[in-house]
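Asks: So you can see what is in the structure, the chains are spelled out below.
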Amino acid sequence: MYDQVASNKRRSWLLVVGFALFVGVVAVAFAYLIGGGPFGIAIALIVAIATSWGAYWKSDTVALRISRAREATVEEFPRYHNIVEGLCIASGLPKPRLYVIDDPAPNAFATGRNPRNAAVAVTTGLFEKMNRIELEGVLAHELSHVKNYDILVSTLAVTMVGMIALLADLGVRMLWWGGGRNSHRDYDNRNGGGGGPQAILAIAGFALLLLSPLIAVLMQRAVSRRRETLADVSGVEMTRYPPGLISALEKLRDDSTVVHATSHATAHLWIEQPSAQTEEEGKLSRFNRMFDTHPPLDERIALLREL
Amino acid sequence: MAVIVVIILVVVVVLLAIYAIASYNGLVGLRNRIENAWAQIDVQLKRRYDLIPNLVETVKGYAAHERETLDAVITARNAGMNAQGPHDQAAAENMLTGALKSLFALSEAYPDLKANQNFAQLQEELTGTEGRIAYARQFYNDTVYRYNTKIQSFPSNVLAGMFHFSEREYFQADDDSRGPVQVQF
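Protein sequences appear in the order of chains E and G. Under the working numbering, the first residue of the first sequence is numbered 264, with each subsequent residue one higher. Under the working numbering, the first residue of the second sequence is numbered 75, with each subsequent residue one higher.
Hint data in this document are derived by calculation from the structure and do not stem from the laboratory. Predicted model, so just to flag it, every value in this text is computed and none were measured. Any given hint could turn out to be false.
Now the in silico label distances, taken between C-beta atoms and shown as ranges [to be verified]:
(1) 394(E) with 189(G): 50 to 60 Å
(2) 395(E) with 153(G): 25 to 35 Å
(3) 319(E) with 162(G): 32 to 42 Å
(4) 232(G) with 517(E): 53 to 63 Å
(5) 319(E) with 195(G): 33 to 43 Å
(6) 172(G) with 319(E): 44 to 54 Å
Here are the simulated lysine-lysine pairs, DSS-like style, with alpha carbons at most 25 Å apart [to be verified]:
(7) 358(E) with 321(E)
(8) 134(G) with 120(G)
(9) 392(E) with 514(E)
(10) 358(E) with 120(G)
(11) 392(E) with 272(E)
(12) 188(G) with 392(E)
(13) 272(E) with 175(G)
(14) 224(G) with 188(G)
(15) 120(G) with 175(G)
Beta carbons are placed, not taken as given, at the ideal position from N, Cα and C, and that holds for glycine.
Here chain E stands alone, though its shape is the one from the complex (with noise of 0.2 Å):
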């Protein structure tokens, strides 16, 4: 179990520079395809670094503001201070920030990018619907996020492929109304009439900047799948009692309520996908399946009943 910890941590920090190497290339792309040499490269990558970094300090923030949640009070909700106080003494985690979310649906989130600098948010749905100890299953699955440091993985996906979308956005449309055709002509020419290969080169980038956000999504779901997963299963090790979890899991998939504050950039964060689904989703084929941020409720459960 620690030593899937510790290869999962490796794991995110590789996701991490991937990502950050990602964003990179279709800086560059971007910046080769509107013009300006390499001044407009190095400006879109000092971006693309300022943007990561950034988003490594501030994107739990963002996360739980546009979730709309708030600070939860002990005097409010005691029983929510008292169970995750709990998990964090059986796992040796310090205790989170905690804030809760007006939302009649049931469902929560982990966010923060250390086990020192993390978040639990939970609709206050989750505490009509669930008793104590389904609760603490589902913070015990969350609290699995922040210590496998899915957390820094997932939040910082947020940011980036909002980055990534905004990017290829921007520079297709630049090249659309041809803005950036004129100068990269210019360029060319410059460099005597370009020759095949920088007209294959700026193809490549335009097909590059084209895919992009495509491609930022399917890593972002992929990382999330797999997490869920484990963190399911490094649950259950914290409560010693995979019941709990499986009913929370159960009522989770019997509630068809959908929550409102969310939106697809954040759809990964959650315990149980936000958006709702419909019957025919699940007879779809795999190629759906892969822009699902979750594995189905029902694969998940029959897991957990495994241990």
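On the provided structure of chain E, position chain G as indicated by the hints.
Replies: Same frame as chain E, now just chain G:
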């Protein structure tokens, strides 16, 4: 040629030293964590003892004539606070848990008591503290498990032997509490 051999030897020695230092520090860290985990159990136990007088006072206001149950709780609490050694303490703890259970069962017969805000709060606090005690013990045992495994397995056992890191004992649940639950009607 000789230079290469020397360099390789130096590198090997340096690597071994780094491993030894890291391993030693790991053992020290785990040992301190065990101490801390053990202290944490006591902190939570004390918290439980502190909550009980408040609870008894609140219940007295509604069910003063349930003297027997109230006295049992107080006696068990005092026994727990004065217990010497882990065995006595475990026995007192079991007594206290049982006494508290019958106290909370009382509230079913007194709707006013059950509706009391203060009582509900104390009940939540006690349930939370009991959970914390259980989790603190679990964490203690988990840490002892990691520490003992490290001490026993090669090559860290060589280092552990050199610096006298000795195995720790697990916290054991009482024999009674492991048996089947007796239900009486």
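Asks: Each hint needs a verdict: does it hold in this structure or not?
Replies: For each hint, the structure was consulted:
With their beta carbons about 20 Å apart, residue 394(E) and residue 189(G) fall outside the hinted range of 50 to 60 Å. Separated by about 28 Å at the C-beta atoms, residue 395(E) and residue 153(G) satisfy the suggested range of 25 to 35 Å. Against the hinted window of 32 to 42 Å, the Cβ-Cβ separation of residue 319(E) and residue 162(G) comes to about 52 Å, which falls outside the hint. A C-beta distance of roughly 56 Å is found between residue 232(G) and residue 517(E), which places it inside the suggested range of 53 to 63 Å.
About 40 Å separates the C-beta atoms of residue 319(E) and residue 195(G), a value consistent with the hinted range of 33 to 43 Å. Look at residue 172(G) against residue 319(E): about 51 Å separates their beta carbons, and that is inside 44 to 54 Å. Under the criterion of a C-alpha separation no larger than 25 Å, the hint pairing residue 358(E) with residue 321(E) is consistent with the structure, at around 19 Å. Simply put, residue 134(G) and residue 120(G) have alpha-carbon atoms about 22 Å apart, close enough for the 25 Å limit, and the pair holds.
A hinted pair counts as satisfied when its Cα atoms are at most 25 Å apart, and residue 392(E) with residue 514(E) qualifies at roughly 8 Å. A hinted pair counts as satisfied when its Cα atoms are at most 25 Å apart, and residue 358(E) with residue 120(G) qualifies at roughly 20 Å. Restraint check: the Cα-Cα separation between residue 392(E) and residue 272(E) comes to about 33 Å, which exceeds 25 Å; the hinted pair is violated. For the hint pairing residue 188(G) with residue 392(E), the CA-to-CA distance comes to about 21 Å; that is within 25 Å, so the pair holds.
For the hint pairing residue 272(E) with residue 175(G), the CA-to-CA distance comes to about 43 Å; that exceeds 25 Å, so the pair is violated. Straight-line distance between C-alpha atoms of residue 224(G) and residue 188(G) comes to about 50 Å, which puts the hinted pair past the 25 Å bound. For a cut-off of 25 Å, the pair hint linking residue 120(G) to residue 175(G) stands: about 18 Å separates their Cα positions.
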